[in-house]
Amino acid sequence: MVATVPIARPSPYSKRWWTKELTDLQTKYKKASSRAGKRYSTREEREAMIKARNAYQGAVRSQQRKHWREWLQDATEKTVWLASKYATREPEAATASRMPDLKTTEGDTAHTMEEKSKVLLDTFFPTPPTPDLSDTHDYQYPPAFDTPPITTTEILAAVNNLASYKAPGPNLIPNIAIQMTIPHIITLFTELTNACLRLGYHPQHWKTFSTITLRKPHKPDYTIPKAYRPIALEDTLGKVMESIMARRLSALAEQYNLLPPNHFGGRPGRTTTDAVLYLTQRIKDAWRTRGVASVLFLDISQAFPSVSHERLIHNLRKRQVPNTIINWVQSFLKDRKTRLHFDDFVSELLTASTGVPQGSPISPILYIFYSADLLEITDPKEKDRFTSGYIDDTALAVISPSIEENIKKLEEMTRNALRWSQTHACKFDIGKFQLVHFTRNERKYSPMPLNIADHTVSPGTTAKYLGVILDRKLRWKEHAEDAISKGTKTMLAINRLSKTNFGLPHHLTRQLYTAVVLPKIEYGLPVWFEPIRKVDEGKRRKGSVGIAKRIGKVQRIATRIITGGLRTTATDVLDYHAALPPIHLRLNQTVFNAAVRLATLPPHHPLHKYVKRCASYYPKYHHSPIHEMMNAFPQLRELEIIDPTPVVLKVKPHERT
Numbered sequence: 001m002v003a004t005v006p007i008a009r010p011s012p013y014s015k016r017w018w019t020k021e022l023t024d025l026q027t028k029y030k031k032a033s034s035r036a037g038k039r040y041s042t043r044e045e046r047e048a049m050i051k052a053r054n055a056y057q058g059a060v061r062s063q064q065r066k067h068w069r070e071w072l073q074d075a076t077e078k079t080v081w082l083a084s085k086y087a088t089r090e091p092e093a094a095t096a097s098r099m100p101d102l103k104t105t106e107g108d109t110a111h112t113m114e115e116k117s118k119v120l121l122d123t124f125f126p127t128p129p130t131p132d133l134s135d136t137h138d139y140q141y142p143p144a145f146d147t148p149p150i151t152t153t154e155i156l157a158a159v160n161n162l163a164s165y166k167a168p169g170p171n172l173i174p175n176i177a178i179q180m181t182i183p184h185i186i187t188l189f190t191e192l193t194n195a196c197l198r199l200g201y202h203p204q205h206w207k208t209f210s211t212i213t214l215r216k217p218h219k220p221d222y223t224i225p226k227a228y229r230p231i232a233l234e235d236t237l238g239k240v241m242e243s244i245m246a247r248r249l250s251a252l253a254e255q256y257n258l259l260p261p262n263h264f265g266g267r268p269g270r271t272t273t274d275a276v277l278y279l280t281q282r283i284k285d286a287w288r289t290r291g292v293a294s295v296l297f298l299d300i301s302q303a304f305p306s307v308s309h310e311r312l313i314h315n316l317r318k319r320q321v322p323n324t325i326i327n328w329v330q331s332f333l334k335d336r337k338t339r340l341h342f343d344d345f346v347s348e349l350l351t352a353s354t355g356v357p358q359g360s361p362i363s364p365i366l367y368i369f370y371s372a373d374l375l376e377i378t379d380p381k382e383k384d385r386f387t388s389g390y391i392d393d394t395a396l397a398v399i400s401p402s403i404e405e406n407i408k409k410l411e412e413m414t415r416n417a418l419r420w421s422q423t424h425a426c427k428f429d430i431g432k433f434q435l436v437h438f439t440r441n442e443r444k445y446s447p448m449p450l451n452i453a454d455h456t457v458s459p460g461t462t463a464k465y466l467g468v469i470l471d472r473k474l475r476w477k478e479h480a481e482d483a484i485s486k487g488t489k490t491m492l493a494i495n496r497l498s499k500t501n502f503g504l505p506h507h508l509t510r511q512l513y514t515a516v517v518l519p520k521i522e523y524g525l526p527v528w529f530e531p532i533r534k535v536d537e538g539k540r541r542k543g544s545v546g547i548a549k550r551i552g553k554v555q556r557i558a559t560r561i562i563t564g565g566l567r568t569t570a571t572d573v574l575d576y577h578a579a580l581p582p583i584h585l586r587l588n589q590t591v592f593n594a595a596v597r598l599a600t601l602p603p604h605h606p607l608h609k610y611v612k613r614c615a616s617y618y619p620k621y622h623h624s625p626i627h628e629m630m631n632a633f634p635q636l637r638e639l640e641i642i643d644p645t646p647v648v649l650k651v652k653p654h655e656r657t
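Just so you know, full-length UniProt numbering puts 21 at position 21 of the sequence shown, and the rest follows in order with no gaps.
Take the hints with a grain of salt, since some may be wrong.
[Said to hold, decoys possible] Beta-carbon label-pair distances, calculated as ranges:
#	residue 1	residue 2	range
1	Gly431	Pro183	35 to 43 Å
2	Arg290	Tyr617	14 to 22 Å
3	Gly58	Gln589	46 to 54 Å
4	Thr571	His111	52 to 60 Å
5	Pro449	Pro142	40 to 48 Å
6	Gln589	Pro183	55 to 63 Å
Calculated from the structure, these hints are not laboratory results.
Backbone N, C-alpha and C define an ideal beta-carbon position, used for all residues, glycine too.
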């Protein structure tokens with residue numbers, strides 16, 4: 001039994017540093033405090049209470065410090081991530097563990113748990129406005145594709161992709177239990193999933209889920225319901241079924257080009273960096289023809305909860321999704337129930353059938369089909385305007401010789417976007433729109449605003465898109481400063497874990513630096529960091545040398561902590577003894593890895609043609625990030641194409657009309 005039964009973990013609410021000696025001191029202090037608090041207590045009793053209190057509180061601080069140091073010293077590769085979490089998490093208010101009274105849209109205040117749950121339910125699962133479905137009447141849908149039966153291979157792949165120890169759904173069955181038992185039930189479960197697909201039915205038990213309420217970080221007021229984010233914890237077996245359907249929809253979309261090519265989110269082989277690279281490539285191409293690019297970054301309020309089921313089904317039929325999948329999606333979205341969890345309260349079973357559930361594996365691909373029409377408001381053949389999207393983040397871009405002409409084109413595009421919002425019951429948060437006129441020609445620049453309905457969107461010099469800060473000249477100074485600031489802040493927080501005379505073992509500090517700090521700095525690196533290389537075999541170097549030096553200061557902090565080196569120790573020596581490459585080589589390697597992926601993209605990827613063109617021609621002015629990567633690493637120009645999309649479904653589809 002000792003060998004097979006794991007030792008119970010201490011409760012997260014217990015004080016692991018507590019000892020029997022502290023219990024004795026606490027008891028002694030409480031007794032002394034009781035005697036000193038009496039009406040006729042003596043001076044000696046009050047002094048004894050003060051002495052007992054000081055001894056108790058001092059022992060607590062000493063034991064906490066001792067336990068913390070011992071815990072750090074004995075840290076392993078598993079517990080080091082918990083230590084990192086302690087050090088880097090944001091400080092919270094004293095009441096952060098409890099939800100305050102919530103303000104309602106009517107101006108009232110929700111005090112009780114039941115009132116709060118109702119307010120949160122209305123916020124997380126609002127009743128969407130009625131969409132304009134006039135264009136769906138008598139619509140002639142093209143023939144739908146077929147889909148084959150679900151195989152055991154698909155089920156095993158979906159089960160193995162589950163996070164083993166992720167929080168379970170309402171049935172409290174952890175993913176690891178399903179992964180360990182699936183070989184014994186695979187035949188029965190395959191028959192069950194195929195019956196669900198064939199009948200267009202998603203079991204009611206799988207449509208009941210738990211909604212965990214989490215605070216959105218850095219919100220000024222947590223009495224507003226929108227400052228909270230819902231996370232859906234679904235039944236594990238239901239999630240397997242959803243994963244299979246999501247993979248099938250993705251395979252169909254890539255196999256038959258059912259989605260706009262410039263939609264990057266939720267699709268295999270596409271990243272946020274790809275979306276930003278695509279946007280910057282088009283802007284730099286416009287600059288080389290003496291044009292000005294104006295980009296409007298849209299914001300959709302509550303994108304997933306506001307999805308209209310009728311419009312979603314129409315879009316799926318219009319794009320030839322198999323009828324069996326559509327019927328299953330209809331059942332999946334209908335009659336959904338949830339229990340809200342916050343503080344120590346669990347609500348009664350509530351109806352949550354609006355929109356698509358956040359946290360479901362199939363929700364991203366469903367939303368992409370839902371919003372595909374928004375990215376098609378422009379004709380792909382038009383070279384002076386284009387769109388780009390990543391899930392619910394959409395950018396409208398126009399190109400012309402002047403900003404005045406750009407504004408006219410954007411006004412036309414926004415009218416089309418507003419018509420889309422009416423037909424799809426989506427509400428734009430125009431107050432959060434970002435407008436930037438991209439140009440380095442000061443004579444052409446003018447801060448002209450854009451009028452949308454009754455709102456005016458003023459242009460800015462920067463915009464944050466998919467986590468990357470784009471400035472109007474694409475110099476990347478603002479983003480580099482932000483990335484370096486985040487890295488420095490995180491590294492200084494980790495510094496608390498490793499001191500000269502106590503703390504984490506040095507190899508674990510190095511692991512935290514490479515796994516926590518560097519990813520914060522290197523996010524989107526291929527976009528804003530130009531690879532450093534020598535020019536004409538001389539000493540002069542080309543690339544983002546200045547940025548590398550500034551990031552090198554962060555690495556120097558890390559290497560001094562890892563090695564215990566002095567302030568006067570040379571940087572090269574610190575890098576060597578910390579087993580870290582010089583920072584410019586590390587950054588170059590990261591960009592090189594990204595360039596390898598770009599060089600192997602399949603032809604249907606929207607960046608494929610730009611990579612091929614940039615690899616064959618290096619212009620004199622306005623080099624794009626792809627230009628710089630292909631110029632810095634010419635050995636990547638002839639690599640094998642790798643298609644990351646799911647295996648195509650071996651079924652002959654109906655003829656398209």
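Status of the hints after comparison with the structure:
Look at Gly431 against Pro183: about 54 Å separates their beta carbons, and that is not inside 35 to 43 Å. Look at Arg290 against Tyr617: about 18 Å separates their beta carbons, and that is inside 14 to 22 Å. Between Gly58 and Gln589 the C-beta distance comes to about 51 Å, which sits within the given range of 46 to 54 Å. Judged by the Cβ atoms, the range 52 to 60 Å given for Thr571 and His111 holds: they are separated by roughly 58 Å.
The beta-carbon spacing between Pro449 and Pro142, approximately 42 Å, falls within the hinted interval of 40 to 48 Å. The supplied range of 55 to 63 Å is broken by Gln589 and Pro183, whose beta-carbon atoms lie about 40 Å from each other.
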